[in-house]
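Student: What follows is the residue order along each chain.
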Amino acid sequence: MKGHIITSTEGLNKAVKRILMSFIEQGVFDAILVPTRAPSGESFVYLLIKDKKFIESCSPLPPIMPIQGARALKDLTRLGKTDLRVLCVMRACEIRASIELSKLKQINLENISFISIDCPGAFVTRDYINNSAELDKSYGEILNVWKADNLRPSCNTCVSFSCKDLPIDLHIGKIGMKENEIIVVPLSKKGEEFLSSIQIECAQDISEWQTAIEDMQQRKTENRNKAFLELKNKVTGIDNLNNFFSNCINCHNCMRVCPICYCRQCFFESTDQVRLEAENYIIRAENKGGIRFPTEMILFHLGRMSHMALSCVGCGACEDACPMDIPVAQVFKFMANELQQMFDYVPGEKIDEPIPILTYKEDELREYEDAQGSK
Amino acid sequence: MAKIGLYLCECGPNIAQAIDLDEITEAIKKDNKVAGIERHKLLCSDDGKKFLAESIKRNAFERVVIAACSPKQHEGTFMEVMLEAGLNAYMFQLVNIREQCAWVTPDKNAATLKALTVIRAAINRVKHHAALEKKEIECNPNVIVIGNGIAAIEAALKTAHNDRKVFLIVEGKRIGDTYKNRRLLLSSMQSAEEFLRSKVDELKSNKQIEVFENSKINEILGFFGNFIANIDTEKNKNVELAAGSVIFALEAESFVPKALTNLGYGKFDKVYTAAEFETIDVDETEPKSVAIIHCVGRKKLGYCSKFCCMNSMKIARYIKERSHESKVVQFYRNLCLPDKQYDKFYKDTKEKGVEFVRFQDIEVAGEESRLAIKYKEENGKESKLLVDIVILSTGLVPASKTEEFSQMFNIPLDEYGFMKEEHNILNPVATITEGVFIIGGVRGPGDIDDSLEQAGAAAGKILSSLVPGRLQPLETKISRVSEVICIGCGVCVNVCAYGAVKLDESKHISVVNEVLCRGCGNCASACPSGAAQHRHFTTKQINQEMIEILK
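Listed in order, the protein sequences are those of chains A and B.
FYI, my numbering numbers position 175 of the first sequence as 160, with every residue one higher than the one before it.
FYI, my numbering numbers position 216 of the second sequence as 266, with every residue one higher than the one before it.
It should be emphasised that the hints constitute simulated quantities derived from the structure, not laboratory data.
Treat the numbers as computed from the prediction; the structure is a model and nothing was measured.
Even for Gly, the Cβ is constructed at its ideal location relative to N, Cα and C.
There may be inaccurate statements among the hints.
Simulated DEER-style distance windows between Cβ atoms [to be verified]:
id, chain 1, residue 1, chain 2, residue 2, range
1, B, R520, A, E262, 40 to 48 Å
2, A, E262, B, S120, 25 to 33 Å
3, B, P156, A, R63, 53 to 61 Å
4, B, K557, A, S25, 51 to 59 Å
Start from the sequences and build out the full structure, keeping to the hints where you can.
Tutor: Right under this line is the structure:
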């Protein structure tokens, strides 16, 4: 694999914007879906850019992730493909989630291409809103040193921060590069064509960047394993889980921001299905001495987990949105990791590989029987 | 509140002795959730059913719980009584306090408590039952038969009738092609060609049968009573044929022993499979000595093909009849002679001078211009026999098209690649897709007799279920998908074994085909948002039942 190093003193975002501009000017893509600073200046939204004059104002790698890109792309293509050729600028976790949603028919990937950017992580959204100017500055530094103690915990344990195993066309590398350098890497034949259309010929060695990724991968994997080990005791068994989630106020924000939670209406919000007559609650209170309200707290989290854990990309959006500071993402990532390993499945890695819940195989049952020991 | 009636059946001594029904009556009365409790010695008897119907009417119950035996046994019986009593058949819940309580819980107190719990759960559940209406559709009595062998021909002949048409679709071949490659038939030793000609004449003279030779099936859509096949015929493209049922009668294919070089196949010209031997010019070779080796590929295939032992003897007799001087030796491990006339056929074959040798090991080698059979007999003795030709008796394997068709209809394949019957004893020619039948080599190896029998069986099933003008009752307890809640993720589509759930591309939601749905509930359990619901096992109904048991 070869890449093309761009040297520029303007920083990563500006360099990426130049590439985006070329893509539009050369007619390689008709539109760009890219994070852009909200008018308030304190947050970011996705902007579908048709007119190239808006490219100047976009922020390809914003310091926070208040909106998971997969949700934006879902809004665009849920009811069918787009006829425009759209280039989506996203973090790896957003792209992975998009691929999962395409398997669940919530995103149509026809005419969609992705460009990912090496991501050092994101700040907690609320931290940023209170202190955006300063954090903007420190994010620029983080992109060079690739280390910070105020990033979201789920970013610190993220092992897919670059483009490893992403089934996409284009990537921008930053990790391990000099302060004034980024590297453009085509990840597919199509990616090479896209780049040559804008006169970027990739002939430069990328091994330095690749080594830096490997090192970071190892460091993050260690972080992750350590975090999982610590977490395991805290969340094993129903009592521990209840404690873990005990601050939950049933606002369901975690579900609302989760890219994978695609249901039109969550089962736990369909009151006629889960609500019971008062008498039932009184009996439960009688049996246990008392019951917590709102009810269905742990059931909601476990239910949501059972539905989406196979596709969970560990983006941390749930935790970022929790008003009670419950480390939701960590327990979900932990569970997802176990489950995905069990099914030998990596979300967002292969576009054609169905999610295990979408396949119905008789021999799976046999496998289960064997595991239980045939009686 | 709807008026709920509870009926306790004593089932003679079965329930009455094992469960304290008085205690249950008292407890339920105390709960004050039912409008009346009645008890009877044997509710399924004529007297019991009469009592039940009259009692429901007299008490003006709106919903009914019956605590008796397994729904497998009498749910249908009591649903009929419900109709008689003027209620919807689904406003009722049968509680199994016999098989699941009385018969399995020896302690009377424990059995009583268990029965009480499940009765309470049923009372809680029946409150949420909805009236379900039976639907019927008009069926198309025509039949599509796919295949070109004797099973297909026979099925077409048997189902053709004055008021129904039969479309016999022969993919890529002429009808009866493989029979032209056979000299004699089992076990009558009748000429295969004559037999075929008589059958084909019969086919062609039957005005109700239309034969499409050299055709290609593009797709078959629909369901029992209403299938539409799209085919390319010799003359036209995209011909549409409408029928109510489909019979798959693809012939099995002869196993070709590619990897068995120790038997000389593919190495020596004069080593043939039995199927190949049928097609060679025997007059030209006029073999003086022939070895027929049985069960070739048996171990690899994993099953006995049933017809091959007899077929080997048929070939042996054919050779013997042409020239008494020829030496024919059958090398076998085991002989499969299951039918009543087969043993006689074997003895006759022996009498005609065909030799039988039971071997442990066997190998075919070339020796000058002849073939040497080196074998180890049953007693361990090693011998050698020089022959002119070797015939390998191979079994049958599924036709190459089998898998493609199985996917078209969601018919599972067995471990050998044949289509799977709905039940090998109870429903051997039917499949899990209603209205689709499998006969002959597509469902497993067998002989002509099997094919003829199965063709008759499938014809009988079709003639009795798809009568012209008859309305077909549909399954009532099926699934439905809420248009409001469904978001079209397709999880339900993937878990449906009946192909009954499809995505509506324009609405971006799932839709249940009410004719194909069998009410298994897979979609309802897979749906993350609860948009797919089983009409008689709604989340609410199950929830209410469970809550009562778990509280």
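Student: If a hint holds in the structure, say so; if it does not, say that too.
Tutor: For each hint, the structure was consulted:
1. R520(B) <-> E262(A): 40 to 48 Å: Since R520(B) and E262(A) have Cβ atoms about 46 Å apart, the given range 40 to 48 Å holds.
2. E262(A) <-> S120(B): 25 to 33 Å: 30 Å, holds
3. P156(B) <-> R63(A): 53 to 61 Å: 58 Å, holds
4. K557(B) <-> S25(A): 51 to 59 Å: Violated: the Cβ-Cβ distance is about 38 Å, outside 51 to 59 Å.
Violated hint: 4 only; the structure is consistent with all others.
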